[in-house]
Every structure is written in C-alpha cells, then in structure tokens.
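Please work from the sequences and hints to get the whole structure.
Quick mapping for you: the protein sequence lines, in order, are chains A and B.
Heads up: the first sequence at position 92 corresponds to 1531 in the working numbering, and the numbers run straight through without jumps.
Heads up: the second sequence at position 101 corresponds to 106 in the working numbering, and the numbers run straight through without jumps.
Read the hints as simulated data drawn from the structure, not as lab findings.
Ideal Cβ placement from N, Cα and C applies to all residues, glycine included.
It cannot be assumed that every hint is accurate.
Claimed, not checked - Derived DSS-like pairs (lysine-lysine); straight-line CA-CA distance at most 25 Å:
| id | chain 1 | residue 1 | chain 2 | residue 2 |
| --- | --- | --- | --- | --- |
| 1 | B | K99 | B | K76 |
| 2 | A | K1458 | B | K186 |
| 3 | B | K16 | A | K1458 |
| 4 | A | K1458 | B | K173 |
| 5 | B | K115 | B | K83 |
| 6 | A | K1462 | B | K173 |
| 7 | B | K38 | B | K16 |
Said to hold, decoys possible - Selected chain B positions facing chain A (Cβ under 8 Å, derived; list incomplete):
| id | residue |
| --- | --- |
| 8 | K76 |
| 9 | D158 |
| 10 | D188 |
| 11 | M190 |
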Amino acid sequence: MSLLDFLNRFFGKDNTTSKNVAKERLRLVLVHDRANVSPQLLESLKEDLIKVISNYMEIDENALEVNLDSSDDSVALVANIPVVRMKRINGEVEEKIG
Amino acid sequence: MGEVIVITSGKGGVGKTTTTANIGTGLASLGYKVVLVDTDIGLRNLDVVMGLENRIVYDIVDVTTGNCRLKQALIKDKRFEGLYLLPAAQTKDKSAVTPEDMKNLTGELKAEFDFVIIDCPAGIEQGFKNAIAGAEKAIVIATPEVSAVRDADRIIGLLEAAELREPKLIVNRIRPLMVKKGDMMGIEDMIDILAIDLLGVVPDDESIVVSTNRGEPAVLDNNSRAGEAYRNIAKRITGQQVPLMNLEVPDGLLHKFKKLLGFK
Ligand SMILES: Nc1ncnc2c1ncn2[C@@H]1O[C@H](COP(=O)(O)OP(=O)(O)OP(=O)(O)O)[C@@H](O)[C@H]1O
Ligand SMILES: [Mg+2]
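Here it is as structure tokens:
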C-alpha cells in the first residue's frame, strides 16, 4: 500500500467509505423494490420475451418463469423457459425434438 | 389559475413541513398569492412552524364537512398580505377527508391563489392519497440517508402511477463536510440513484431549529444558509434560473497534507 493509498483510506476516500457502501446497498435494494412495486414490469418483460423467442423456437408459455435472484452483492434476472420445439434455420419446416 | 404543488417524502421527519413553510413564505415574499394546506390530520404542525397556531378557529375538516366556508377557515399570515394557511384538524379522524374532497378544495383554492402548497403527511396511506389528489406537481424531499432515499424512490413510483409526472427533488439536511469525507451521499449520488431532476439543496442548519422555535420561517433570515437555499428554491419554482448555492467547505486536512507531501 502506497502512502497515498494509506492516506486515502485513513481519510475515508476509498470504496469502503460509508457513502459508497450506502450507494451500493441502495442500488441492490431498489432493484427489488421497483420490481415488487410493479409486478406488471416482469409481466410485460415476460410477454416481450415470448415474442422474441418465438421467432426461434416454440416454448411452453405457461411454464415460463422469470424472476430476480439475488446474492449478497448482485441481482440476476433468471429465466426458465421450457423449449417444446426448435425452428429450422430457414424457418420453413418444423421438426419435433422431444 | 394557480398551481397546486404537493410536498411529499414517504419517510417521516425529513423536512416536508419545514419546506412547505419556507417555500410558501419565500413565494409570498416575492409577491405571489400563496395558500399552504396542512393535510397531516391528527398531527397538525404547519401552524406552529408558521407561528400562526393562536389564530386557528376552523380547520380543513370543518371545510370538507360543511361546518364552515373555505374562506372562514383560511388564516392570514402575520407577515405577508398574500399568504394564508389552511390548518389540519387535530382531533378528527384521517378518513374525515377524501381524495374527492381534496380535488374540490384545491380546485377552489387555485382559482384564488397563484400557488397552493400542500404539506403531505408521512407514509403512503390515506393521508398521502388525499394530499396528492388535487396536485398537479410534486416535490419530493429526501435526506442523504439510505432509508430516506429508498422511501423517496417508492414515492416517486407512486406519484408516477398517479399521473403526477416528473416530480422534482429537494435534498435536505446535507452536511458538506461529511460528503467531502465520504461519509454522506452527495447530490450527484442521490440524483444518480433516484433519476429525477433536482430543484434544490438545503444544508443541515441550526438556524432551522431557531426559526422553528420562533415560528419565523428561515427563508426570511438573511443570515441563514438554509434560508438562502429556500429563497433560491422559491425563485426556481417561479421559473427563474438560479444556480445551486455554494456548499463548498474549505480545504480539508487530507488536501493540505497531500499538498505538503507534494502529491497534487
Ligand atoms: N435543513 C435542516 N436543518 C436542520 N434541521 C432541520 C432541517 N430540516 C428539517 N429540520 C428539522 O427536522 C425535524 C423534522 O422536520 P419537519 O417537521 O419539517 O419534517 P416532516 O417531514 O414534516 O415530518 P413529518 O413526517 O413528521 O411530518 C424538525 O425538527 C426540523 O426542525
Ligand atoms: Mg410534517
């Protein structure tokens, strides 16, 4: 640790300052707050996903799940999308996979 | 036709009533006709902050229940010709006022006044719904603390859901020294997180306590830093461009130390 680093830490100018801790905690908590407050947000995301994915494969729309999953320091969008059938690249003929 | 502005925050005790009193008085001192409406039923406070508590005869519930006419319940300010207060009821139930009542009331008031400023109670329940019902614009108050910012975010969502678009932010009780040391979120941090426009920044200032003790809003005290901030905010509300006041603190120890050691 250089002297300047030490001084910065000593005088509270690094990432572990309480201000930066506060910002980071707020960032994470607001991801959940905003998603919980408007469940429509995840619903409309779901609908858009179905639209896009349907161009490439046939999916089980009723079994589709989209959730926010969080660990200590990050939030992930986790989607479970059961695929029923794949489309051919040229998109003309369909073939059953399962 | 006047403008109806609600002052809200979600979290309690962050400065809604102080801000309502100061912005209202500030606008009145600029020559506008202003009425302040206290919607915090059961926890009436705007009257004491304004120093008008001894003049109250009727309150907002007397108006909505038809016990008196609106004009009879309006209390005239001691200092400004065009400034009035409609006090909250202290003893009645919150449910005595409905959003529909508030729409009628604010509709009537804005025909008479340039600005109708509504002091909202804390929380997101009935009192909040009443306070925003007749409003056309909203000002959100937040202090630079995690809980206040989180609640402000929630309130912004609720305001937008109620079609009160583009609320403006006032950051209250900022302490520049703590921000400089990295121990308090600064203005940029808060704007970054809440993603709304800034209307003003009010420093944490002892003069607010003194002025509340006296029932004389700090905006009238030329020596008060918070008062200066509120004067600026009042001007911005009228459309004037006023730069943010300088909250800079003199060079800290670290800075001097770095210079001494030849960094920088
Ligand atoms: N900028 C400031 N500097 C110092 N003290 C302040 C400042 N702003 C507000 N206060 C103090 O904080 C306290 C709460 O303020 P105020 O009553 O305006 O908050 P509020 O949001 O209306 O509260 P409630 O949610 O209970 O209605 C008061 O004691 C007030 O004097
Ligand atoms: Mg209050």
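Status of each hint after checking the structure:
{"no.": "1", "hint": "K99/B with K76/B", "verdict": "holds, 22 Å"}
{"no.": "2", "hint": "K1458/A with K186/B", "verdict": "holds, 9 Å"}
{"no.": "3", "hint": "K16/B with K1458/A", "verdict": "holds, 20 Å"}
{"no.": "4", "hint": "K1458/A with K173/B", "verdict": "holds, 23 Å"}
{"no.": "5", "hint": "K115/B with K83/B", "verdict": "holds, 21 Å"}
{"no.": "6", "hint": "K1462/A with K173/B", "verdict": "holds, 20 Å"}
{"no.": "7", "hint": "K38/B with K16/B", "verdict": "violated, 29 Å"}
{"no.": "8", "hint": "K76", "verdict": "violated, 40 Å"}
{"no.": "9", "hint": "D158", "verdict": "holds, 5 Å"}
{"no.": "10", "hint": "D188", "verdict": "holds, 5 Å"}
{"no.": "11", "hint": "M190", "verdict": "holds, 5 Å"}
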